[in-house]
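A.B. asks: What follows is the residue order along each chain.
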Amino acid sequence: MGEPAIVPGGRRHVLDLDDFAAEEISAVLETARSMQEVLGRRIKQVPALRGRTVVNMFFEDSTRTRISFEVAARALSAAIVNFSARGSSVEKGESLLDTVRTIEALGADVIVIRHAEAGVPQLVAHAFGGSVINAGDGRHAHPSQALLDLYTIHARFGSIAGLRVVIVGDVVHSRVVRSGLWGLTTMGARVTLVAPTTLLGPAAYWHATWPEVTVTTDLDRAIDGADVVMALRLQQERQDAGLLPSLGEYRRRYAITAERLARAAPHAIVMHPGPMNAGVEITPEVATAPQSVIEAQVGNGVAVRMALLYHLAGES
Amino acid sequence: MHTRQLLDREDIRRAVTRIAHQIVERNAGVTGLVLVGIRRRGLPLAHRIAAALLDIERHSVPVGVLDITLYRDDLGLRGPAPIVHATSIPVDITDRTVILVDDVLYTGRTTRAALDALSDIGRPARVQLAVLIDRGHRELPIHADYIGRVIPTARDERIETLLVEIDHAEDRVVLVRSEA
Amino acid sequence: MSATPHRLVLTGGMLFDVARDSRHEGHLLIEGGRIAAWLDDAGLARLDAVPRVDVAGCLMAPGLIDLHTHLGEPGDDDAETIVSVTRAAAAGGFTTICAMPDTQPVTDTPAAIEYVRRIAARDGAVRIEPLGALTMGGAGTHLSELAALAEAGCVAFSDGDRPLGDPAMLRNALRYASMLDRPVCLTALEPRLMRGWAMHEGAVAHRLGLPGAPDCAEEIAVARDLALAAHTGARVQLGIITTARGVALLRAARERGVPFSAATTPHHALLDDRWVLGWLGTRPTEGLDPTRLPPYDAATRITPPLRTPDDAAAVVAALADGTIDLLVSDHTPRTSAAVEREYRLVPPGITSLETSLATALALVHAGRISLATLLRCFIDAPARLLGRPVPRLQPGEPADLVAIDLAHDWQVDPQRFHSRGRTSPLASQSLRGQIALTMCAGRIVHDDGRRPVVG
Chain A
1 MGEPAIVPGG
11 RRHVLDLDDF
21 AAEEISAVLE
31 TARSMQEVLG
41 RRIKQVPALR
51 GRTVVNMFFE
61 DSTRTRISFE
71 VAARALSAAI
81 VNFSARGSSV
91 EKGESLLDTV
101 RTIEALGADV
111 IVIRHAEAGV
121 PQLVAHAFGG
131 SVINAGDGRH
141 AHPSQALLDL
151 YTIHARFGSI
161 AGLRVVIVGD
171 VVHSRVVRSG
181 LWGLTTMGAR
191 VTLVAPTTLL
201 GPAAYWHATW
211 PEVTVTTDLD
221 RAIDGADVVM
231 ALRLQQERQD
241 AGLLPSLGEY
251 RRRYAITAER
261 LARAAPHAIV
271 MHPGPMNAGV
281 EITPEVATAP
291 QSVIEAQVGN
301 GVAVRMALLY
311 HLAGES
Chain B
1 MHTRQLLDRE
11 DIRRAVTRIA
21 HQIVERNAGV
31 TGLVLVGIRR
41 RGLPLAHRIA
51 AALLDIERHS
61 VPVGVLDITL
71 YRDDLGLRGP
81 APIVHATSIP
91 VDITDRTVIL
101 VDDVLYTGRT
111 TRAALDALSD
121 IGRPARVQLA
131 VLIDRGHREL
141 PIHADYIGRV
151 IPTARDERIE
161 TLLVEIDHAE
171 DRVVLVRSEA
Chain C
1 MSATPHRLVL
11 TGGMLFDVAR
21 DSRHEGHLLI
31 EGGRIAAWLD
41 DAGLARLDAV
51 PRVDVAGCLM
61 APGLIDLHTH
71 LGEPGDDDAE
81 TIVSVTRAAA
91 AGGFTTICAM
101 PDTQPVTDTP
111 AAIEYVRRIA
121 ARDGAVRIEP
131 LGALTMGGAG
141 THLSELAALA
151 EAGCVAFSDG
161 DRPLGDPAML
171 RNALRYASML
181 DRPVCLTALE
191 PRLMRGWAMH
201 EGAVAHRLGL
211 PGAPDCAEEI
221 AVARDLALAA
231 HTGARVQLGI
241 ITTARGVALL
251 RAARERGVPF
261 SAATTPHHAL
271 LDDRWVLGWL
281 GTRPTEGLDP
291 TRLPPYDAAT
301 RITPPLRTPD
311 DAAAVVAALA
321 DGTIDLLVSD
331 HTPRTSAAVE
341 REYRLVPPGI
351 TSLETSLATA
361 LALVHAGRIS
371 LATLLRCFID
381 APARLLGRPV
391 PRLQPGEPAD
401 LVAIDLAHDW
411 QVDPQRFHSR
421 GRTSPLASQS
431 LRGQIALTMC
441 AGRIVHDDGR
451 RPVVG
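Protein chains in written order, with my numbering: chain A, 1 to 316; chain B, 1 to 180; chain C, 1 to 455.
Don't read these hints as lab results, they were simulated from the structure. For each residue, glycine too, the CB sits at the ideal point set by N, CA and C. Possibly wrong hints are sitting among the right ones.
Said to hold, decoys possible - Just a few of them, taken from the derived set where beta-carbon distance is under 10 Å, the chain C residues facing chain A:
no.	residue
1	Pro211
2	Gly278
3	Arg341
4	Glu342
5	Val390
So here's chain A without its partners, still in its complex pose (with noise of 0.2 Å):
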């Protein structure tokens, strides 16, 4: 039986953000500050993790979240190796478990996984025994991308308590969601999710766990005043399962539109995951609008991930 995330002396893994309390985001979102500072520098790296191997371990595509970790750990001197699922042993019949342990012996002491089963890093936490972060598990969660979405918010407004967040889309087949959902709550945001029921889901499945989250189906209404507005990506595969008539007939409803961003607070930011089909759940023009942190999500990404790294490095 292998221990919970949390050990004495300090944190093992970031599976999720259900077992961070605000004051471990509060001093992550700080040393990303600081890392972001190092970024900006004449010589964007700094020795902290010299001698330390990274592996990043990508069973799903994600070139942005894959190189977004691979510069956050040269940033931090770290070697990084990048094992790719495909063509490798896993694919030839070697258990996930067996290649871990290979990845192991080799001396690596952080995993960063990608996978598209939910569960797959709790899995390889349990077998590993360096230190694993979930770079986002089927519908489970990603942590580090919720880390930065607090960290763009919190870097516009100052705080995050108080704030009013709507989240847009696809939230009952979203990693992003539940994990944003953890860390917003713990930090005191109102959170709204909003999507067609087939999309949304039961509204007592989400209550169980967070019993503070508004869900409803009318965009319109729940946008009224919002501080922040997150558009989630739609894809393809919701319409073949399905799950919607047509896009066409989810952008009429859920489109993030100027007119639509116009009822909520002046001062409102409007943010997006990634990767964005401009036309679908958010309009082009919305998506580069002056009240568009998209593009900052992603730079700040390189920072938080640095933060994470580092936040590791502690236990030794």
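Since chain A is already given, all that's left is putting chains B and C on it; use the hints.
C.D. replies: Same frame as chain A, but now just chains B and C:
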């Protein structure tokens, strides 16, 4: 636990003034100087030296702060990773004279880390080191250019600097020896 | 284990009369594989030359019958062999296990049935009765030669854990089977509502980001299977019933007098979907503790999935009032390599022959079902479904019996299972009630290590 006061508020004030005078003398004025305090207690000391320099030379010297956490060589050896605080130097240090300021010089490892950090930020013309206390036991070939007081210590002793800006207590330096 | 003497007395056991719900102490003389007599103390004294085994204080009952065991061998003897599964059965108190047809090859031909019977007779410590595959390969598209399978000795028909999705196909299968005097064991799940499922659909699956199997997948199938049973007149067993909604339909059918048999497992009655949450959940103040497991533990991946606490409570109520009349182990051995993987892709099933009785006894100890009900669900109802007389510990009956030490607390350690399968959600949990001794056809096939043959 046994403690002994080494410096009081007045001793610290005089030491800071003396260091300021030595800086002016050594650098023939204050032109091109930057004071960089090593977090945490180097920062208020750097501000105090800057104030003394303003008194002496009627010229203000920029003050920056350096967090050396990311340059430490003991990450993971002492439990959880400490929070990294901001590094902020208001001017480009390239071709300037940087005076690093810290409260205590001991093994030299902190200074080594600070030098590494500085070289990533810019390329100063020269770097000098000012410390309130030099307690000996160097593990690296590092020396201070300006020293408030040299205090020989044993390795099992600890020097504690209290500064009103950080500790909200009257300025003083004490020597702490555990009874074990 | 050394050879059991031809004559033997089991001394000091408590006979439990299920019909009268009464117990009395006595000594049981076994001779030539059969029960020879019940003895009082005076009778025992006259037989002082006969070897004895002390089972004082233990509950004596006929051997349990499991209608739902997945074998392993033939096909996957890494997961389980006939030897290991029957030793596991003996350790769990079962003297007859009915083998699901999903072996390799699938038992969809008389040759496959005969092969299972042959290796069972050769290697088995207890009796194995094969089920025949209802459809070829269990694939649900072509009927197996059911009459030939019946002649070859299969005791029932089933497609294993694979639900038959097409109601027209199922109607034909039930009509055809109805002439062969064999029951049909159905999996009451609508497969089109189960696509890509990992666990029960509900708040826990939602939190863990796992695709869910909704309870209505069972409700719809129960309604359909009941309708087709009534329509065709076939003898059916619906299983494995796990939801409150499924139970409600069954109860209504019982009230209308529709004949059917319904099965559940002890783990579906006692565990729930919070076990998938593992230590992410809150530790209960009493009883079994799911927080000893990590989240997404492979030992919680079961078909049908563990449902909500309310569903489990409804299943217990259904056992108590007879709506559900059967308890089955659904023993499904897996190699560790097979389960060390992504949760949703873990082949469902746990190693349960050795824990089923003790798990069910937890319901008895908690006062939620009676001991008589438990024994009826494990002994009488399975026998009836197979069309056999209800086993009783009477002179002349085969000596298939079990002595249960009801008060003995033990900790589940899968590494010590006789089964080769090691996946158990109950690992490290404390259970009360252990098999002291199991006898099959007069042979001691298991004991708890404290039952020497004396004399």
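A.B. asks: Against this structure, judge whether each hint is valid.
C.D. replies: Now for the hints, and whether the structure bears them out:
1. Pro211: Status holds, d = 8 Å.
2. Gly278: Hint on Gly278 (chain C): holds, closest Cβ of chain A at ~9 Å, below 10 Å.
3. Arg341: Cβ of Arg341 (chain C) sits 6 Å from chain A, so the hint holds.
4. Glu342: 4 Å, holds
5. Val390: 43 Å, violated
Violated hint for the displayed structure: number 5, the only one.
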